[in-house]
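Participant: Sequence:
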Amino acid sequence: MLEYLGSVEKLTIDDIPKDYHTGSIRKFFVKNQTKLDEGVVEEQKKLQNILCRCLLTGDEEMAAEKSDQLIDLIGLQRFYVESITWVMAETGKMWYNKEIGIAQEHMVTNSMKKIIQMNNHKIESKGLIEGLAVICNPEGDDHNMSNLVLEGLLKIRNYRVTNIGGNWYMGEKMKATNKAIIDFAAHARPDIVFISVTIARYLFNAKIIAKELAKALPDSKIFLGGLGTQGMVDGELQEDIVLADKNTLDTLKVL
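For the sequence shown, position 43 matches number 60 in the numbering used here, and the numbering has no gaps at all.
Hints listed in this document are in silico derivations from the structure and should not be mistaken for laboratory results.
Since this is a predicted model, take the numbers as computed values, not measurements.
The reader is advised that the hints may include incorrect statements.
[To be verified] Restricting the straight-line Cα-Cα distance to at most 30 Å, the calculated cross-link-like pairs of lysine-lysine (DSBU-like) are: (1) LYS63 with LYS115; (2) LYS130 with LYS143; (3) LYS263 with LYS192.
[Stated by the list, open to error] Restraint ranges, calculated between C-beta atoms of paired labels, are given here: (4) GLN255 with ILE181: 18 to 28 Å; (5) GLN247 with ILE181: 34 to 44 Å; (6) VAL271 with LYS115: 21 to 31 Å; (7) GLY148 with ILE119: 34 to 44 Å; (8) LEU244 with ASN184: 24 to 34 Å; (9) VAL271 with GLN134: 19 to 29 Å; (10) GLU107 with ASN175: 24 to 34 Å; (11) ASP200 with GLU147: 19 to 29 Å; (12) LYS143 with ALA205: 35 to 45 Å; (13) GLY109 with ASN175: 43 to 53 Å; (14) GLU147 with THR126: 41 to 51 Å.
Here a beta-carbon is modelled for each residue, glycine too, at the ideal position from N, C-alpha and C.
Hey, can you work out the whole structure from these sequences and the hints?
Facilitator: Below, the structure is given as structure tokens:
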């Protein structure tokens, strides 16, 4: 048994005596270190490329198998934050460059969502529940893959998660949509609320929701984040609303 009483943030495997470089110790550092071993990084890139090809050809069974191999290699958190981000970015580039059509892009997205949901269902709570988290998005912003990823990352941290993200197309009834989101979250009395915005044009509506939730839930932490918030800076939001860090894991560290 190896006992370490300091912070693991800057700890590397080189700080551990070589006699203790067992499989479990190596696995810990692969899953928790900021910087991975070069060999692991190369294997990660290789598997990500294969995963991308499997998704593009509609081979969901092989895609699930390669996803499992990536998770075994780098851990579920890194798979969610690094591998999924890379695969979807590559898919987006191919669509933008007209290498694939929108139907194929949707096929990749839907298959990836299934993989995320399968892994989310496997996450088991250990010990005391840290609290309740509600995840939502503003009307129009139905890119809910990020919500599923966030759901998994919160479950890993022992949060009970209610995900109400989805298609909120209400047209002229936008105020009614906002009220539905706000009323649900206020009634749930969560410890944390995450408002995810993928597309910048829906940011204004997300800010309205955040402002109302901050009033209704003075004891809850309200986070606003996602690709749609790029370009925003700290201090741009009112004091009781937190602008999530572009690095999701950095945001989750402050919970």
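Participant: Look at each hint and say if it fits the structure.
Facilitator: Taking the hints in turn, this is what the structure says about them:
1. LYS63 with LYS115: 24 Å, holds
2. LYS130 with LYS143: Holds, at about 25 Å.
3. LYS263 with LYS192: Given pair LYS263, LYS192 holds - Cα atoms ~29 Å apart, limit 30 Å.
4. GLN255 with ILE181: 18 to 28 Å: Since GLN255 and ILE181 have Cβ atoms about 23 Å apart, the given range 18 to 28 Å holds.
5. GLN247 with ILE181: 34 to 44 Å: Roughly 24 Å apart at Cβ, these two residues miss the hinted range, so it is violated.
6. VAL271 with LYS115: 21 to 31 Å: With Cβ atoms ~41 Å apart, the hint is violated.
7. GLY148 with ILE119: 34 to 44 Å: At 39 Å between Cβs, range holds.
8. LEU244 with ASN184: 24 to 34 Å: This hint is violated: roughly 18 Å between Cβ atoms.
9. VAL271 with GLN134: 19 to 29 Å: 27 Å Cβ-Cβ, so the 19 to 29 Å window holds.
10. GLU107 with ASN175: 24 to 34 Å: At roughly 32 Å between Cβ atoms, ASN175 and GLU107 fall inside 24 to 34 Å, so the hint holds.
11. ASP200 with GLU147: 19 to 29 Å: 25 Å, holds
12. LYS143 with ALA205: 35 to 45 Å: Since LYS143 and ALA205 have Cβ atoms about 23 Å apart, the given range 35 to 45 Å is violated.
13. GLY109 with ASN175: 43 to 53 Å: 33 Å, violated
14. GLU147 with THR126: 41 to 51 Å: The hinted range 41 to 51 Å is violated for GLU147 and THR126, with Cβ atoms some 30 Å apart.
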